[in-house]
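Asks: Each chain, written out:
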Amino acid sequence: MNESLHLWLIPLLPFIGFLLNGLLGRRLPKAVVSAIALLAPLGSFLVVLLASRAALPHSESYGNWITVGPLNIDLTFVLDQLSLIMLLVITGVGFLIHIYSVGYMHDDEGYWRYFAYLNLFLFFMTTLVLAGNALLMFVGWEGVGLASYLLIGFWFQKKSASDAGKKAFIVNRIGDFGFLIGLFLLLANFGTLSFSDLAQKIAANPTMTGGVLTAIALCLFIGATGKSAQLPLYVWLPDAMEGPTPVSALIHAATMVTAGVYMVARTHFIFDRSPLALSVVAIIGAATALFAATIGLVQTDIKRVLAYSTVSQLGYMFLGCGVAAYSAAIFHLMTHAFFKALLFLAAGSVIHAMGGEQDMRKMGGLRTKTPITFWTMTMAVLAISGFPFMSAFFSKDAILAAAFASGSLGKLLWFVGLVTAGLTAFYMFRLWYLTFFGETRSHDAHSHESPWSMLGPLAILAVLSVGGGWIGAGRFGAFLSPVLGTKTEELTGSLEYIMMALAVAAGALGWFLAHRMYHQRSAAAQLAAPAPAGYNLLQNKYYVDEFYNLIVVKPLLTLSKYFLEWVVDFAILGGLAWLLAGIASLSGAILQRWQSGNIRSYAAWLALGAAVLLYFVLAPHVFGAASLHLGMAGH
Amino acid sequence: MHLSPEVPLVWYLLLSAVLFCLGVVGFLIKRNLITVFMSIELMLNAVNLSFVTFAHQWHDVKGQIFVFFVMVVAAAEAAVGLAIIIAVFRARATLAVDRIDLMKL
Numbered sequence: 001m002n003e004s005l006h007l008w009l010i011p012l013l014p015f016i017g018f019l020l021n022g023l024l025g026r027r028l029p030k031a032v033v034s035a036i037a038l039l040a041p042l043g044s045f046l047v048v049l050l051a052s053r054a055a056l057p058h059s060e061s062y063g064n065w066i067t068v069g070p071l072n073i074d075l076t077f078v079l080d081q082l083s084l085i086m087l088l089v090i091t092g093v094g095f096l097i098h099i100y101s102v103g104y105m106h107d108d109e110g111y112w113r114y115f116a117y118l119n120l121f122l123f124f125m126t127t128l129v130l131a132g133n134a135l136l137m138f139v140g141w142e143g144v145g146l147a148s149y150l151l152i153g154f155w156f157q158k159k160s161a162s163d164a165g166k167k168a169f170i171v172n173r174i175g176d177f178g179f180l181i182g183l184f185l186l187l188a189n190f191g192t193l194s195f196s197d198l199a200q201k202i203a204a205n206p207t208m209t210g211g212v213l214t215a216i217a218l219c220l221f222i223g224a225t226g227k228s229a230q231l232p233l234y235v236w237l238p239d240a241m242e243g244p245t246p247v248s249a250l251i252h253a254a255t256m257v258t259a260g261v262y263m264v265a266r267t268h269f270i271f272d273r274s275p276l277a278l279s280v281v282a283i284i285g286a287a288t289a290l291f292a293a294t295i296g297l298v299q300t301d302i303k304r305v306l307a308y309s310t311v312s313q314l315g316y317m318f319l320g321c322g323v324a325a326y327s328a329a330i331f332h333l334m335t336h337a338f339f340k341a342l343l344f345l346a347a348g349s350v351i352h353a354m355g356g357e358q359d360m361r362k363m364g365g366l367r368t369k370t371p372i373t374f375w376t377m378t379m380a381v382l383a384i385s386g387f388p389f390m391s392a393f394f395s396k397d398a399i400l401a402a403a404f405a406s407g408s409l410g411k412l413l414w415f416v417g418l419v420t421a422g423l424t425a426f427y428m429f430r431l432w433y434l435t436f437f438g439e440t441r442s443h444d445a446h447s448h449e450s451p452w453s454m455l456g457p458l459a460i461l462a463v464l465s466v467g468g469g470w471i472g473a474g475r476f477g478a479f480l481s482p483v484l485g486t487k488t489e490e491l492t493g494s495l496e497y498i499m500m501a502l503a504v505a506a507g508a509l510g511w512f513l514a515h516r517m518y519h520q521r522s523a524a525a526q527l528a529a530p531a532p533a534g535y536n537l538l539q540n541k542y543y544v545d546e547f548y549n550l551i552v553v554k555p556l557l558t559l560s561k562y563f564l565e566w567v568v569d570f571a572i573l574g575g576l577a578w579l580l581a582g583i584a585s586l587s588g589a590i591l592q593r594w595q596s597g598n599i600r601s602y603a604a605w606l607a608l609g610a611a612v613l614l615y616f617v618l619a620p621h622v623f624g625a626a627s628l629h630l631g632m633a634g635h
Numbered sequence: 001m002h003l004s005p006e007v008p009l010v011w012y013l014l015l016s017a018v019l020f021c022l023g024v025v026g027f028l029i030k031r032n033l034i035t036v037f038m039s040i041e042l043m044l045n046a047v048n049l050s051f052v053t054f055a056h057q058w059h060d061v062k063g064q065i066f067v068f069f070v071m072v073v074a075a076a077e078a079a080v081g082l083a084i085i086i087a088v089f090r091a092r093a094t095l096a097v098d099r100i101d102l103m104k105l
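These protein sequence lines are chains A and B, in that order.
Each residue of the first sequence is one higher than the one before, starting from 1 at the first, in my numbering.
Each residue of the second sequence is one higher than the one before, starting from 1 at the first, in my numbering.
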């Protein structure tokens, strides 16, 4: 191994920040809390930058973690091109969002708690990404789930927030169950969880396809659908918007929810061997993209629009993974991290300006009052809509082109993706028009621009959203090829330009419709859609929450109430406890008669005890010989 | 110690047992702390008698040595016990065992 890059510092610094702020933060002044919280991700970011110049891949082992029989799991961190990109995004965007939070959370009484959780999240997220084996990844995976739970329910006095936290945690647990089963299958079949060993073992066995690999891939993908909010486990993400807005930006848009995509890319050697699993990934991804985009069309809460947009964009990434265009998926992951973080932060700035109002029907006309927020948000809207030469133009195009190039199913999925691109542009411009244009619909009119600690990150992210595509355009695949392989069927020549033109046209059409419906018409009719039935269906999010309530939550609650609570808990466990208590108190009632306080009765029992003991000691000598004698005589 | 040859061994042992039982019964039924104390002495001396008897029987001096030890311990016990009895009487103005049923004086 070459010289150490001190990769352990990357997760450790945020963890120290977590400990300091978590244990002492309550007594520290806000300036110190902010300094600790900001230095941690900044330090990690610098370590990543330093490490990025080293020869990749680079792995560092910090000894054995688990040794049981033949099973041997090391504490290993691996830095390769894939984890490097993830780390740069996580610590870089993470740092910007920490800065933003200083302004956004300034008046919150849980300031120190907030930053402790945020640093804890970075600790687990960097662990997840750096992990050299699937079990260590699972630790990070669970950890980010915990941090997500804590931050969604950050304002736990609000019932809806604590409910949303629980929902996120439970839905994620369902996905994690699949992940765990996948890990067990890996262990049972390959005896190792190290990614490099697994890749070698599978590569050494070229005839191995389908079967158990499909099962493993699908189990891992179930985990990914939970964490990355795909059908059918996406329901927690829109509710997760109960958390503070910077949290939505960092965890529920830019980093944590992309962990599923990262995991699929990291284990791509398994998915590559299973065409069935890949098709499932692609179909789920495309279906989620379209499904969530249609719901996003009619939402009125600004953060919920963005939440459904996130679900939809994650669907794009899985579509990319499903057609084996992993580098395109990671590319989109990166650009999405930029523009979606920007969208959320800008939305946070809008909410800040509106004094906590999140309903777009009550916004409007903010263009002149919050000019910087307006311009940065515009950049993000253009970027996500695939405006030419903005970041998502390149990454979305890469995914759509790869889908188009991969067979007849791919053509269908490509079409779904294209429609989704149009819908994306529509709902983003709808948000844009409703928020920034027209007359103000709010009664309290002292909307104001946010402080610089919030606008600075917006500006940096705006630059990245606009220019981020150029980082990867054309060479992202080559950069990632040592990790993800070189299997990309490139479209050539005119066909690629036609693809681009179609995607841009879809975006332009979405913009045009949004312009017609939300800018040119009067404010009153803006939200009434031409087709009430379809509108209601979308407004109610396809009744998926109600459906889950009916088939999962209600039966479980009923079972818990009538069987678990009354029969198991009250009758069986409670009965057992009462029985034991009854025995104890009954024997106590009997035995306490000995404890009379009368010395002479104690003495009497003592004498009796001595007599009994004496009898048992002497009886064999006195009567034993006699009975032996009798026995002899009887013979 | 000289024992008359015509007195059988068992008589000594029976006397010892009778004395011991008198001690036990006295200990159990008497109310006065001093009487209880004397009953304990009676039990100790009953045991001493059987020690001496067996020492004579087996021509072994160990039994007689043991009796000295018992006497020394009994003397020490008498000193400490009587002191306690005096302390109890000063605190309670009674020596009835039944009424001395609290650990706290």
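These are calculated hints, taken from the structure and not from any lab test.
You may find that some hints are simply not true.
Stated by the list, open to error - Among chain A residues calculated to face chain B with C-beta under 8 Å, some are:
1. Arg441
2. Ser585
3. Ala603
4. Ala607
Fair warning: this is a prediction, and the values are worked out from it, not measured in the lab.
We treat Cβ as the ideally placed atom computed from N, Cα and C, and that holds for glycine.
Asks: Does Ala607(A) hold up as a contact with chain B if the rule is Cβ-Cβ below 8 Å?
Replies: holds, 6 Å
Asks: Checking hints one by one. Is Ser585(A) an interface residue toward chain B, by the C-beta closer than 8 Å rule?
Replies: violated, 25 Å
Asks: Holds or violated: is there a CB of chain B closer than 8 Å to the CB of Arg441(A)?
Replies: At 81 Å from the nearest chain B Cβ, Arg441(A) fails the 8 Å test, so the hint is violated.
Asks: Minimum Cβ distance from Ala603(A) to chain B below 8 Å?
Replies: Nearest chain B Cβ about 6 Å off; hint holds.
In the structure shown, a violation is registered for the earlier hints numbered 1 and 2, in ascending order.
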